[in-house]
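**Q** Listed below are the residues making up each chain.
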Amino acid sequence: MNPLDGNAIGGLLHEVFGTEMTAAVSTCANCGDTGPVAQTVVYLDAPGTVVRCRTCSDLLMVFTRVHERICVDLGGLAALEVR
Amino acid sequence: MEGTAVRGRLTWQTATVSQLIPETPRTSTIVFDVPEWAGHRAGQHLDIRLTAEDGYRAERSYSIASAPGEPVAITVERLEDGEVSPYLTEELRPGDEIELRGPIGGYFVWDPAADQGPLLLAAGGSGVVPLRSILRDRERTGSTAMARLLYSSRSLADVIYRQELERPVSGLDVVYTLTRSQPPGWRGHSGRVDDALLAEVAWPTGQDPLAFVCGPTSFVEAVAQSLVGLGYPPTRVKTERFGATGVATGGGVR
Chain A
1 MNPLDGNAIG
11 GLLHEVFGTE
21 MTAAVSTCAN
31 CGDTGPVAQT
41 VVYLDAPGTV
51 VRCRTCSDLL
61 MVFTRVHERI
71 CVDLGGLAAL
81 EVR
Chain B
84 MEGTAVRGRL
94 TWQTATVSQL
104 IPETPRTSTI
114 VFDVPEWAGH
124 RAGQHLDIRL
134 TAEDGYRAER
144 SYSIASAPGE
154 PVAITVERLE
164 DGEVSPYLTE
174 ELRPGDEIEL
184 RGPIGGYFVW
194 DPAADQGPLL
204 LAAGGSGVVP
214 LRSILRDRER
224 TGSTAMARLL
234 YSSRSLADVI
244 YRQELERPVS
254 GLDVVYTLTR
264 SQPPGWRGHS
274 GRVDDALLAE
284 VAWPTGQDPL
294 AFVCGPTSFV
304 EAVAQSLVGL
314 GYPPTRVKTE
324 RFGATGVATG
334 GGVR
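Protein chains in written order, with my numbering: chain A, 1 to 83; chain B, 84 to 337.
Hints listed in this document are in silico derivations from the structure and should not be mistaken for laboratory results. For each residue, glycine too, the CB sits at the ideal point set by N, CA and C. Treat the hints with care, as some may be off.
[Unchecked claim] Derived contacts from chain A toward chain B, CB cut-off under 8 Å, selection only:
(1) 4
(2) 5
(3) 15
(4) 18
(5) 20
(6) 22
(7) 23
(8) 27
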């Protein structure tokens with residue numbers, strides 16, 4: 001399946017963070033690339049929702065929904081700046 | 084909190100289908116009455132959730148097709164093996180209720196007051212949906228920003244909103260390219276959008292143009308790369324990729 005981009009998880013991110021996040025700026029912990037979350041590479045049909053860096057492909061975020069709970073892994077982010 | 088729209092929160096709301104408009108053999112526009120709609124901006128999308136009797140749920144994202152200030156509408160392309168789009172395009176009737184949440188997105192959004200640069204809107208297939216919202220917003224707000232829509236479609240019959248797009252609008256021109264079949268005597272472009280077509284169609288970078296590119300991932304990647312190659316700063320090329328499946332799919336989306 002083709003990857004999409006961060007626009008595709010606008011609803012999920014709003015649910016998790018409580019605000020609009022596609023225009024927020026993420027910084028990759030691996031390569032340091034920064035850019036709007038909307039521009040990240042998103043795989044919806046991986047086990048969970050997987051968000052990768054558009055520059056180095058490293059893992060930025062993973063979201064896993066278990067019943068009504070969402071597990072969030074932000075380990076690949078150096079920063080996430082909400083504007 | 085379902086059913087009530089709390090300010091700042093994104094909550095599932097019950098919308099009522101008010102109108103169904105066939106657009107092409109494969110696509111329909113669905114107009115909703117959403118009592119607690121907070122208002123949207125051109126380019127945003129919404130999520131739709133279907134719940135089966137056994138509790139199984141499917142969520143999809145759809146770009147909003149209507150301009151801010153108009154009733155909320157989406158345009159859905161029917162996918163033969165789809166879980167959600169066949170229901171939306173074939174089963175729904177006016178008066179039916181459906182769960183949705185939105186508006187969603189703050190990146191792939193046009194703000195007519197903040198940006199006067201000429202607009203280059205590039206659509207691949209149903210990627211035209213959010214761009215149509217931008218075009219309607221442009222007209223409704225009396226924006227003087229010049230606009231050009233480059234619309235890549237399989238065939239002329241697959242062009243969504245064709246009547247609306249062929250209506251003369253001041254400051255707007257529409258360029259089609261047909262990728263699979265062309266009608267007899269077709270004088271427009273054929274084949275996929277490439278560097279040569281973009282070089283011809285895209286506004287010169289000196290005019291500080293703003294590009295919105297929406298379509299399947301391969302289309303968006305190709306167009307965005309070409310535009311950057313033509314000298315468009317990456318920050319002036321806003322992209323939204325969509326695809327056919329997913330738990331909470333993207334953009335124009337399906």
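**Q** Decide, hint by hint, whether the structure agrees.
**A** Consistency of the hints with the structure:
no. : hint : verdict
1   : 4    : 4 Å, holds
2   : 5    : 5 Å, holds
3   : 15   : 6 Å, holds
4   : 18   : 7 Å, holds
5   : 20   : 4 Å, holds
6   : 22   : 4 Å, holds
7   : 23   : 4 Å, holds
8   : 27   : 16 Å, violated
In this structure, the one hint that does not hold is number 8.
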